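Undergrad: Sequence:
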Amino acid sequence: MSEKESVSPFLVYGLLFLLALIWGSSFILIKKGLLVFSAGEVGAIRIFSAALVLTPLSLPKLKSLNRRQWKWLFISGMVGSFGPAFLFAYAQTQLESGITGVLNALTPIFALLVGVLFFKGSLKLRDSLGIALGFGGTIVLIIAGSGGELGNFNFYAIFVILATLCYGFNLNILKTQFSVLTPKIITSISLVLIAPLAGGYLFGSSDFVQKMQYEEGAWLALLYISILGVIGTAFALILFNRLVKLTSPVFTSFVTYIIPIVAIIWGLLDGEILVFGHYIGIVLIILGVAFANRPKK
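Following the working numbering, the numbering of the sequence shown begins with 843 at its first residue and continues without gaps.
I should point out that these hints are in silico values taken from the structure, not numbers from a laboratory. Please note that the accuracy of each hint is not assured.
Pairwise CB distance ranges (calculated) [as the list claims (entries may be wrong)]:
hint, residue 1, residue 2, range
1, M1054, Q936, 22 to 30 Å
2, V849, Q1052, 45 to 53 Å
3, S850, M1054, 40 to 48 Å
4, K1087, Q1055, 42 to 50 Å
5, K962, I1107, 33 to 41 Å
6, V1117, L1039, 37 to 45 Å
7, F916, L1062, 16 to 24 Å
8, E1058, R968, 46 to 54 Å
It should be emphasised that the depicted structure is a prediction, and the values quoted were computed from it without experimental measurement. No residue lacks a Cβ here, since even glycine has one placed at the ideal position from N, Cα and C.
Can you make the complete structure from the sequences, with help from the hints?
TA: What follows is the structure, given as structure tokens:
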């Protein structure tokens, strides 16, 4: 009997919901970090803290990489981690954490679309319907605006869309360029390669050090973002890899549907308000992801 046949359903569903809780909580942690730090500082802290934790995993493998792997790992780090970390932080300066979490669900749609346009992927009818629904829901959310007033076009949602587009490119890069490296090694090395950029900005071009010395609440805000980097990246990666091993990529992809729910709940608990237009957009995006993410027969 294989591991997937004998594994307890309580274990796999427990891991699934724990992973959704961690990733769905990312947006409220960003929001709390922005109370003290700038968007750039939040993004840099997130990357730098995650890289520090994952450095021990990457060091033994660095010498075994060839030039091509170094290049694609750096690109993966920039597109899959560095860019989104800053884009999400900038978005949440004017966008609720719950809405940001819903827009993040566009990632599998962009992964599909990028695969078709740039990586010779195929597009089925249900995929097209999923993309149309997802983008329709996005437009509704953007029009609803961060204050919930229809007609208030919130351009900060574009930052989230760009971040999910980055994720879409990175997922296709991972699929096509790294056949011999494990996901854990890919993530750890790609983060270590971009850590100097985050550290250079954080300690050389920002007010991070001054804020840590003089700003009230700075240590608590640092804790929030460090949790985001360490738990939301390093620990969540271990959970994700474990869940894929125990079940399948299709089952693990269900986390995409749960993350927006967690993000919305955190936002509502923190006093955010959703109006009717927001709910319509949320439903359309989740339906779009469901259609685009359906397993092929």
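Undergrad: All hints are to be evaluated individually against the structure, with a verdict given for each.
TA: Evaluated hints:
Checked against the given bound of 22 to 30 Å, the beta carbons of M1054 and Q936, roughly 25 Å apart, stay inside it. Restraint check, V849 to Q1052: a C-beta distance of roughly 50 Å satisfies the suggested window 45 to 53 Å. Range check, S850 to M1054: Cβ separation about 44 Å, and the 40 to 48 Å hint holds. Separated by about 45 Å at the C-beta atoms, K1087 and Q1055 satisfy the suggested range of 42 to 50 Å.
Checked against the hint of 33 to 41 Å, the C-beta distance between K962 and I1107 comes to roughly 39 Å, which is consistent with it. Taken as a hint, the range 37 to 45 Å holds for the pair V1117 and L1039, whose Cβ atoms sit roughly 39 Å apart. A beta carbon spacing of about 33 Å between F916 and L1062 contradicts the range 16 to 24 Å that was offered as a hint. Against the hinted window of 46 to 54 Å, the Cβ-Cβ separation of E1058 and R968 comes to about 52 Å, which satisfies the hint.
Hint violations for this structure: number 7 only, all remaining hints satisfied.
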